[in-house]
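Turn these sequences into a full structure, and let the hints steer you where they fit.
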Amino acid sequence: MSRVLRGAAMTLAVALGGLLGGCATVDKAPADPWPALREARPTSVLVLPPVNDSPDVLAPGSVMAQAVLPLAERGYYVFPVALSNETLRLNGVQTPRDAQDISPQRLREVFGADAALYLQVRAYGSVYRVISAESVTTVDARLVDLRDGRTLWTGSATASSAEQRGGQQGGLSSLLLLAIIEQVASNFSDLNQEVAGAAMRRLLAGPSPRGLLPGPRGPPPRSGARP
Amino acid sequence: MRRLGGGALLALAAVQGAASASARPMLYEWGAYPEALAAHLREAGGDAARQAARLEQQLQRTAAAGRAVPPGLHAHLALLHAQLGNDAKAVEHLRAEKALYPESARYMDSLLANTRRQPADAAAEAPK
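As given, the protein sequences belong to chains D and S, one line each in that order.
Under the numbering used here, the letters of the first sequence match residues 1 to 227, in that order.
Under the numbering used here, the letters of the second sequence match residues 1001 to 1128, in that order.
Everything labelled a hint here was simulated from the structure, so no lab data went into it.
Treat each hint with caution, since some may be false.
Claimed, not checked - Derived contacts from chain D toward chain S, CB cut-off under 7 angstroms, selection only:
no., residue
1, 58
2, 64
3, 69
4, 82
5, 112
6, 118
7, 160
Claimed, not checked - Just a sample of chain S residues kept apart from chain D, beta carbon distances all over 10 angstroms, derived:
no., residue
8, 1057
9, 1066
10, 1084
11, 1089
12, 1092
13, 1105
14, 1106
For glycine and all other residues, C-beta sits at the position ideal for the given N, C-alpha and C.
Structure below.
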């Protein structure tokens, strides 16, 4: 009896969850915050070397590496970042700031990319509190159409190794949690990378409508809904 | 209300969980690539020979599993092979990247043209 009731309650909860999830993500999406992105439909993204505001010299490399997977899984062709860095360097571009100052037209000529992702690392690595240290990554991003210089999308995300303790909403994945447990004693730089990865997933693969729209190579929308 | 078996309920819950956590199947087989990329970008190049060997093995596993090679993997391998002085391999992977991802055609073509002109140029060391 009680088992049946529990079963029914669970079924209802699951069904309700599905309904709410559907509404929130697709059906009743508010006015499109990124009409230019929808209109421009970029297919390929060049990730430029990130400008680094943090004191950690490893931050730009970590953040850049962690941008590739979520962006590609979102459905965009992502230019090979190590190779494009090398091309920039061989052309005398010494710093991320220099790279981000190159005109969209010139980047388009050299790489043939539809859009470029401009990243700024606001925070990376250890932040010391009164009683504990945590690893934090905060990144701002701007997607620019290289064909006309228009900004198509902007985003900002942060992730922290302290999230699992605070029980805040949107906690890190259990995978990351495991990684933290395994690595916290051995290698803080690995922890920083994991946290950077979580921040970049949030930034680039977060839910609509604030998140980046799926690109042309992306998976079809769920439950037959049209974007 | 329709009664769902425990299995169906579990499956539904799993789908729901997957949807909300964006844990749908990946488009690409990433394998060793993200780690190789991070090592390369963080350690000013890292060990190119070791990374190239790992990524070549990864490509074989990916092909055997019938999965898709992610954007940039072939191009990254081309960079590693160029750094190791193996221009034939580098050219092969630049062509593979272009064939798999036509979006990269302009960039790959210019690199291929450079490789033909000045093979040694492409072997320059990685950026700091």
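Now for the hints, and whether the structure bears them out:
Annotation: residue 58(D) was flagged as interfacial toward chain S, and the flag holds, the nearest CB pair being 5 angstroms apart, inside 7 angstroms. Taking 7 angstroms as the C-beta contact cut-off toward chain S, the hint placing residue 64(D) at the interface holds, the least distance being around 6 angstroms. Because the beta carbon of residue 69(D) sits about 6 angstroms from the nearest beta carbon in chain S, less than 7 angstroms, this interface hint is met. Satisfaction of the interface hint for residue 82(D) is found here, the shortest Cβ-Cβ separation to chain S being roughly 5 angstroms, below the 7 angstroms cut-off.
Interface restraint check: residue 112(D) against chain S, minimum CB-CB distance 3 angstroms, threshold 7 angstroms, status holds. Below 7 angstroms, beta-carbon pairs count as interface contacts, and residue 118(D) has none with chain S, the closest being about 17 angstroms; its hint is therefore violated. Look at residue 160(D): its Cβ only gets to about 19 angstroms from chain S, farther than 7 angstroms, so that hint breaks. The claim that residue 1057(S) is not at the interface with chain D holds, since no C-beta of that chain comes within 10 angstroms of its own (minimum 19 angstroms).
Separation of residue 1066(S) from chain D is adequate, the least Cβ-Cβ distance of about 17 angstroms exceeding the 10 angstroms criterion. With 10 angstroms as the threshold on Cβ separation, the claim that residue 1084(S) sits away from chain D holds: the shortest Cβ distance comes to roughly 14 angstroms. The Cβ of residue 1089(S) lies farther than 10 angstroms from every Cβ of chain D, with a closest approach of about 14 angstroms, so its non-interface assignment holds. Annotated as non-interface, residue 1092(S) keeps its C-beta farther than 10 angstroms from every C-beta of chain D; the closest such distance is 15 angstroms.
Listed as a non-interface residue, residue 1105(S) fails to keep its Cβ farther than 10 angstroms from every Cβ of chain D; the least gap is roughly 7 angstroms. Listed as outside the interface, residue 1106(S) is inconsistent with that label: its C-beta sits roughly 3 angstroms from the nearest C-beta of chain D, within the 10 angstroms cut-off.
Checked against the numbered hints listed earlier, the structure breaks hints 6, 7, 13, 14; every other hint is satisfied.
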